[in-house]
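With the hints as constraints, model all of the structure from the sequences given.
Listed in order, the protein sequences are those of chains V and U.
Residues in the first sequence are numbered from 0 upward in steps of one, following numbering that gives the first Met the number 0.
Residues in the second sequence are numbered from 0 upward in steps of one, following numbering that gives the first Met the number 0.
The reader is advised that the hints may include incorrect statements.
[Said to hold, decoys possible] A few chain V residues that face chain U, going by a derived Cβ cut-off under 8 Å, partial list only:
hint: 1; residue: G28
hint: 2; residue: L33
hint: 3; residue: R77
hint: 4; residue: T84
hint: 5; residue: H98
hint: 6; residue: C104
hint: 7; residue: Q107
hint: 8; residue: K108
hint: 9; residue: N112
These are computed hints drawn from the structure, not numbers from a lab.
Owing to the predicted nature of the structure, the values given are computational and were not obtained by experimental measurement.
Quick reminder that beta carbons are idealized off the backbone N, C-alpha and C, glycines included.
Protein chains: 2
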Amino acid sequence: MTESIKLLQGINWNEQGLVPAIAQDWQTGEVLMLAWMNEEALALTIEEGRAIYWSRSRQALWRKGEESGHVQSLRELRIDCDADTVLMKVDQVGGIACHTGRRACFFQKLEENAWRITDEILKDPRDIYGSKP
Amino acid sequence: MTESIKLLQGINWNEQGLVPAIAQDWQTGEVLMLAWMNEEALALTIEEGRAIYWSRSRQALWRKGEESGHVQSLRELRIDCDADTVLMKVDQVGGIACHTGRRACFFQKLEENAWRITDEILKDPRDIYGSKP
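The structure is reproduced here in structure tokens:
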């Protein structure tokens with residue numbers, strides 16, 4: 000991991016040691032989701048060529064797709080001008096990025112002063128994650 | 000602003016009262032930048048139909064384009080499944096979103112274990128912002 004860590008020395012982590020990471024479909028350009036990465040997550044993302052986030056709720060590494068199979072294969076990785084945001088172009092395995100079973104997480108659109116759900120559920124989350132007692 | 004504020008009651012602001020907001024070119028799908036919004040900024044974005052951020056460095060509202068003229072006209076606004084991230088599709092006035100004078104902020108791409116600058120400067124920042132003594 001030494002090489003990747005060297006690469007990450009210029010990244011401007013926030014007070015929690017995190018940066019936001021945007022996942023974008025490499026073919027359609029659709030923004031699929033935003034999650035967070037710490038230094039280890041970003042280094043592993045580069046090493047393994049798949050999106051690996053830091054789960055703030057679980058306080059643990061989150062290999063996207065580890066439960067669902069909906070892995071995000073890395074096609075391209077960019078950082079912004081301030082080096083405090085990551086943009087990934089990914090190949091979304093299964094065509095489902097969202098834990099609700101939708102293609103992308105941004106399925107609530109502002110219309111006539113209300114949030115309207117624009118995208119259908121492609122797969123029941125119970126079938127994705129199994130039913131947990 | 001009352002109507003907009005009502006709309007924003009379900010938003011999950013972070014500890015600083017902010018959410019990340021992604022600006023995406025409404026025509027090309029290019030991700031232009033990520034900045035932050037507090038409740039007032041998001042309400043004003045909706046009211047005025049243009050991207051208004053909260054500048055964390057200046058601790059002030061930031062009407063994108065107020066100095067540069069590079070206003071982002073709002074075409075569509077979405078929130079994600081956890082209601083803690085905003086996605087805007089915008090019409091980028093002047094075709095320049097980045098303060099470096101580039102089209103977008105994500106101009107540093109990972110290639111062969113180094114960050115490579117992929118996008119040219121379209122306008123000298125001194126010509127955008129004027130020279131400040």
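How the hints compare with the structure:
For G28 (chain V), the shortest C-beta to C-beta distance to chain U is roughly 3 Å, which falls under 8 Å, so the interface hint holds. Satisfaction of the interface hint for L33 (chain V) is found here, the shortest Cβ-Cβ separation to chain U being roughly 5 Å, below the 8 Å cut-off. Given hint, R77 (chain V) at the interface with chain U, holds; its Cβ is 4 Å from that chain's nearest Cβ, closer than 8 Å. Taking 8 Å as the C-beta contact cut-off toward chain U, the hint placing T84 (chain V) at the interface holds, the least distance being around 5 Å.
A least Cβ separation of about 7 Å between H98 (chain V) and chain U falls short of the 8 Å threshold, and the interface hint therefore holds. At its closest, the beta carbon of C104 (chain V) sits 4 Å from a beta carbon of chain U; the interface hint therefore holds under the 8 Å criterion. Interface restraint check: Q107 (chain V) against chain U, minimum CB-CB distance 5 Å, threshold 8 Å, status holds. For the restraint placing K108 (chain V) at the interface with chain U, the shortest Cβ-Cβ distance is roughly 5 Å, inside the 8 Å limit, so the hint holds.
The restraint placing N112 (chain V) at the interface with chain U holds, with a minimum CB-CB distance near 6 Å, inside the 8 Å limit.
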